[in-house]
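Engineer: With the hints as extra help, turn the sequences into a complete structure.
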Amino acid sequence: MNKERRIEQQSPVEAEIPLLPQEIMVEILSRLPVKSLCQFRCVSKQWLSLISDPLLAKSHLKKTVSNDSFYSQRKRVIISSHNLYSLEYESIGRSGRFDENLVALELDYPLKDKPNGLAELLDSARDGFLYCERSEEGNDEFPVMVKLNLPFCVNQRNWVDILGSCNGLVCIAPDEDTLFLFNPSTRESKRIPDPPSGFFPNGWSVYGFGYDFVNDDYKVVKVGCGTVCVYSLRTDSWRIVCSFPYVDNVSESGVLLNGTIHWMVSFEDGVDCRCVVAAFSLEEEVFSDMPAPDIVDTSFEFVVGVLNGCLCVLHSRNQMHNDFWVMTEYGVGESWTKLTLSLSYICMKPLCLAQNREALLDVDGKLLLYNLEDDSYRYLVVDGIPAGDGFEADTYLETLVSPNGFFRT
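Just so we're aligned, residue 861 is where the sequence shown starts under this note's numbering, counting upward by one.
These aren't lab readings, by the way, just hints derived from the structure by calculation. One or more of the hints may lead you astray.
List time: in silico PhoX-like cross-link candidates among lysine-lysine, alpha-carbon distance up to 25 Å [as the list claims (entries may be wrong)]: (1) Lys918 x Lys895; (2) Lys895 x Lys922; (3) Lys935 x Lys895; (4) Lys918 x Lys1050; (5) Lys895 x Lys923; (6) Lys972 x Lys1226; (7) Lys1050 x Lys895; (8) Lys923 x Lys935; (9) Lys935 x Lys972; (10) Lys918 x Lys905; (11) Lys922 x Lys1050; (12) Lys1050 x Lys935; (13) Lys972 x Lys895; (14) Lys905 x Lys895; (15) Lys1226 x Lys1198; (16) Lys1050 x Lys972; (17) Lys974 x Lys1050; (18) Lys935 x Lys922; (19) Lys918 x Lys935.
Computed Cβ-Cβ distance ranges for the label pairs, DEER-style [unchecked claim]: (20) Asp973 x Val903: 28 to 36 Å; (21) Ser1097 x Ser926: 31 to 39 Å; (22) Val1146 x Asn961: 41 to 49 Å; (23) Gly1191 x Cys1102: 18 to 26 Å; (24) Cys1102 x Glu887: 38 to 46 Å; (25) Asp1076 x Asp1224: 36 to 44 Å; (26) Val1241 x Pro1105: 40 to 48 Å; (27) Gln882 x Arg1134: 53 to 61 Å; (28) Ser909 x Glu1194: 51 to 59 Å; (29) Glu887 x Ser1092: 28 to 36 Å.
A quick note: this is a predicted structure, and the numbers were derived from the prediction, not measured. Here a beta-carbon is modelled for each residue, glycine too, at the ideal position from N, C-alpha and C.
Structural biologist: Listed below in structure tokens is the structure:
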């Protein structure tokens, strides 16, 4: 009997949450980083239940966006280059040293190890060469064997498109027309179902992603072949909401600002064709027109961006340019202000303001810090990302928002 009692006393006891009111526990936990909270989930079933509660996720997010210190600590840059990487926001421009490299952390994400079509080609290569059959002058009966020198440095992973970021969730496409909502901090992901086959004929399509504040819902917007379709995370379904009232020549993902997704589009006004900023309200699911800068016309390609909470219009793909426009007062056309840079670009995307208030820009597949006051700039070297492969980038917040449990809130 004594032996049994000793064994019972030595058995491990599951850690219990301190007897505090729930609102006090939520207040305490919302001040902690996501990495620590994810580790605490393993302590006990009680801890797992509390930290997985959507109420804590909302409180943690609210604390992040309302506190400058938490916001800075929990902000990250996500980089896509045949892989996904994360970069600490606080490390960018903090020291002011020109010779200090940044270090990127490789992320795990859905379909990461799914090979692209090049994998099968590489598997069939022999002696460093790829052999294939080719018919001459349409003669299929006697094909000719052709030897191709295939470069083995070609990346076998699919490119990951970053379609948008909001409240810690990133909308990614790790395979063609295969969308996921992905939380890089918790590694949770959700496969977005394909729209019904009748929604879109084969053709071009672009996306936008954001949060509907009024209806408390995350939405993905797909525009293609004159149709606008919206996916709701709350209902886990797609709906056709309207026709696309502009010329179908949009090629970039929409940009989220103020609960609205924006695209630079062409608009046929009688015999003329002019540029406007198409603003799609996630709450009302309708388009409205915002004025573009006066100098913007259809002879060049333009895209929109966001810098420090202001809408921007930038050149895209056509020739080299050294200027862009910033709307200093949202929705007011007269507030467009032209900024001229001391460098030229073909494609540029503003990401954020760094710790030293320099603008972090993605310029032609390279990261740089640009000082908007003295027009100086410096390129950033990021260790951990293969050189020469190019990349695209966006920002996200470290949060507990779950793409799987959101509908339960």
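Engineer: For each hint, tell me whether it holds in the structure or not.
Structural biologist: Outcome of the hint check:
The straight-line distance between the Cα atoms of Lys918 and Lys895 is roughly 16 Å, inside the 25 Å bound, and the hint therefore holds. Restraint check for Lys895 and Lys922: the C-alpha separation of about 17 Å stays at or below 25 Å, so the hint holds. With a C-alpha separation of about 13 Å, the suggested pair Lys935 and Lys895 falls inside the 25 Å cut-off, and the hint holds. Proposed proximity of Lys918 and Lys1050 is supported: the alpha carbons are some 19 Å apart, at most 25 Å.
In summary, the hint linking Lys895 to Lys923 is supported, as the alpha carbons are separated by about 16 Å, within the 25 Å threshold. This hinted pair checks out: Lys972 and Lys1226 have alpha carbons roughly 23 Å apart, not beyond 25 Å. Distance hint between Lys1050 and Lys895 is fulfilled; the C-alpha atoms sit about 20 Å from each other, no more than 25 Å. With a C-alpha separation of about 13 Å, the suggested pairing of Lys923 with Lys935 holds against the 25 Å cut-off.
Distance check on the hinted pair: Lys935 and Lys972 sit about 23 Å apart at the alpha-carbon level, within 25 Å; holds. Of the pairs offered as hints, the one joining Lys918 and Lys905 holds, with about 21 Å between alpha carbons and a cut-off of 25 Å not exceeded. Proposed proximity of Lys922 and Lys1050 is supported: the alpha carbons are some 23 Å apart, at most 25 Å. The straight-line distance between the Cα atoms of Lys1050 and Lys935 is roughly 22 Å, inside the 25 Å bound, and the hint therefore holds.
Restraint check: the Cα-Cα separation between Lys972 and Lys895 comes to about 21 Å, which is no more than 25 Å; the hinted pair holds. Between Lys905 and Lys895 the alpha-carbon distance is near 18 Å, which keeps this suggested pair within the 25 Å criterion. Between Lys1226 and Lys1198 the CA atoms are separated by roughly 23 Å; this keeps the pair inside 25 Å, and the hint holds. For the suggested pair Lys1050 and Lys972, the alpha carbons sit about 14 Å apart, so the restraint of at most 25 Å is met.
A threshold of 25 Å between alpha carbons decides the hint, and for Lys974 with Lys1050 the separation of about 17 Å falls inside it, so the pair holds. Of the supplied pair hints, the one linking Lys935 and Lys922 holds, its CA atoms being roughly 14 Å apart against a limit of 25 Å. Annotation: proposed proximity of Lys918 to Lys935 holds, straight-line Cα distance about 16 Å (limit 25 Å). Checked against the hint of 28 to 36 Å, the pair Asp973 and Val903 passes, with Cβ atoms roughly 31 Å apart.
At about 32 Å, the beta-carbon gap between Ser1097 and Ser926 stays in the expected band of 31 to 39 Å. For the hinted restraint 41 to 49 Å between Val1146 and Asn961, the CB-CB distance of approximately 47 Å keeps it satisfied. For Gly1191 and Cys1102, the Cβ-Cβ distance of about 21 Å falls inside the hinted range of 18 to 26 Å, so the restraint holds. Separated by about 42 Å at the C-beta atoms, Cys1102 and Glu887 satisfy the suggested range of 38 to 46 Å.
With their beta carbons about 39 Å apart, Asp1076 and Asp1224 fall inside the hinted range of 36 to 44 Å. Separated by about 45 Å at the C-beta atoms, Val1241 and Pro1105 satisfy the suggested range of 40 to 48 Å. Look at Gln882 against Arg1134: about 55 Å separates their beta carbons, and that is inside 53 to 61 Å. Between Ser909 and Glu1194 the beta carbons are some 53 Å apart, a value that agrees with the proposed interval 51 to 59 Å.
The hint said 28 to 36 Å for the Cβ distance between Glu887 and Ser1092, and at roughly 31 Å that hint holds.
When the structure is compared with the earlier hints, no violation turns up for any of them.
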